[in-house]
Amino acid sequence: MGDLFNRFGTGLSTVFLTLVMLWLAGMVLAPNLMMIDYALRPNLPPAALGGPDDTYSLANITYLATESVHRVIFFKTIWASALVALVTFLVCYPIAFWMAQRATTGQLAIAMLLIIIPFFINEVLRTLAWFILLAYRGPLNSVLMGMGITDAPIRWQGDGGVLAAMVYAYILFMLLPIFNAIESLDRSQLEASRDLGASRWKTHTRVVIPHAKAGIATGFVFTFMLAAGSYVAPSLLGSPGSRWFTEIIYNWFFEGGDWNRGAAYALVLLVLCLAIVLVTLRIARVNLADVAK
Amino acid sequence: MSHSVELADIGMTFGTTRAVSDVSFKVQAGEFFSILGPSGCGKTTILRMIAGFIQPTDGRVLIGDRDMVGLGPDKRPTAMIFQSLALFPLMTVWENIAFGLEARGMPRAERRKKAEDLLQLIALDGYGDRMPGELSGGQRQRVAIARALAVEPSVLLLDEPLSALDLKLRQHMRAELRDLQKRTGVTFIYITHDQSEALAMSDRVAVMSNGVLQQVETPRQLYDNPATPFVARFVGETNALSGTITQVQDGIATIETALGVLHGRAGHGAATGTQGTIYIRPEALTPTVTAANTLSAQIQRVDFEGSFALVHGQFDDGAALAASIPSTRLAEAPEPGTRASFSFATEHAVVLADG
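Residue numbers (my numbering), protein chains in the order written: chain A, 1 to 293; chain B, 1001 to 1355.
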């Protein structure tokens, strides 16, 4: 803070700080406080607002506990998001390792380009591309049938489609932190491990992964949060049997007309995600400041 | 148990660069063998070919008379000590030492015991549960050695492991390495660019320059009888005066230089009528005048180095003079700015053909 004032002078620094404060208050704090306020109050007709029934209670939150369909979808969203993070990790780790330790400068540039270019396109459109690819009479099924692998088209939409689209959408958020972490590993550590007779598996589990732990935890946190809060992929690629919790929240707001219950659901999702993230970071012994880097 | 290491005409080409060409030598089992050369001379490439990190583009590596072609570092009876040491920073000292045993599937309790034995060998008992980051440079050095010895290699490869240490510690570690080598009997192949390190520790030394092997000899022979001009200049300090060899007789070469006719032992390639150079070690020059082999030079400065003083000057043909005078006879050292004469004994100079 003192550094800021020294560099830009009192006037400019005060302007900067005020703008940041206003941003935080208006864009972060106020909406969240309003959401909490909504979540804790009953859904009343306009006439009853401020009346004797307009009291704070946990009724909207406990409703989720009693509503078995929503509850099941809620927990499924949590574990499915964890599964998305895990699958994304399994896809990204070998690529990140190759890019960080094995690729030549030229190969690295090309790989980076290939991975980043799709992200120039909007997430909705990328998901739509999966929608087309995985369609019942779409290209993937015709290829599989053409090669004689299946006789009839497979219905990909549902859990499998959602998983594929999400893994694809969040690759970068997993790949880059892991790449950064592995890149800083001294090549001679890998050579020493091999020289001492360690198998590839042993080298990765004992040398590379412990070294890259902070990057891996960061990737898990990013991917998990994005997956749990995702709306596009489940709504486009999901089926009635693969509903995501965000869709339920959406429905309370825009179809059920019950903003209070929607806010309560959103609050529960937020709190649980935060708890899972903090526990993950604690287990990996990484703090939030490292993740921000 | 230790093995011999034989290189048979090995060469290594990276792209268009010939890093090592046609190097052959045999390291005896249980020998302390050094490969000496300036940076970029190909010595590290040779070590990495012996370790199996890279495969030679031509020639063969034999360890214990067994051809190592195609075998990776995990399949060879060698262990390497890296320049950076490459200790695993997130494992404790004992886990580091026992890592190779862990890789071989040895049960934990047994590993721990073996690690403790090795800690005792390197005089670090009780340090097993520390992290490598908590140790001093010399201690880390010893842990790296213990980690390599834990897998009971028959050949230990050392890639300039002392270069990061300060002078005092380096000298101490030299003795310790030497001692460890004698006690374990393992073949040591030691890479260094520091000639005093190579001379002090090794049974034999191979000198490399630009990917080409120059000479393989005992330290004493290397110093007294360099086979090539490169070895004469690179190993130890020397005074080099070039001229024409006029006579070679009974192992004594006569060379006519710009500073007069000088005599020295006839070395490699010295033949009558060829261009050659006479190499005289600084300690061979004494500030006295004799009938033959006397040189005079303009004295520029005298550097007092402790046990001796190094006199720097310039000969009349522009060549540099370096003469060392023991501190006990410092009174005989000439004053800077004066002219002084030095002489040397014929047997303390060597004449080699140029090129």
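Honestly, the hints are just simulated from the structure, not real lab data. Here a beta-carbon is modelled for each residue, glycine too, at the ideal position from N, C-alpha and C. Hints are not guaranteed to be accurate.
[As the list claims (entries may be wrong)] Pulled a few chain B residues facing chain A out of the computed Cβ check, cut under 8 angstroms:
hint	residue
1	1051
2	1151
3	1230
4	1320
Hints, verified against the model:
1. 1051: Hint on residue 1051/B: holds, closest Cβ of chain A at ~6 angstroms, below 8 angstroms.
2. 1151: Hint holds; residue 1151/B Cβ to chain A Cβ min 6 angstroms, cut 8 angstroms.
3. 1230: Interface hint status for residue 1230/B: violated (30 angstroms vs cutoff 8 angstroms).
4. 1320: 39 angstroms, violated
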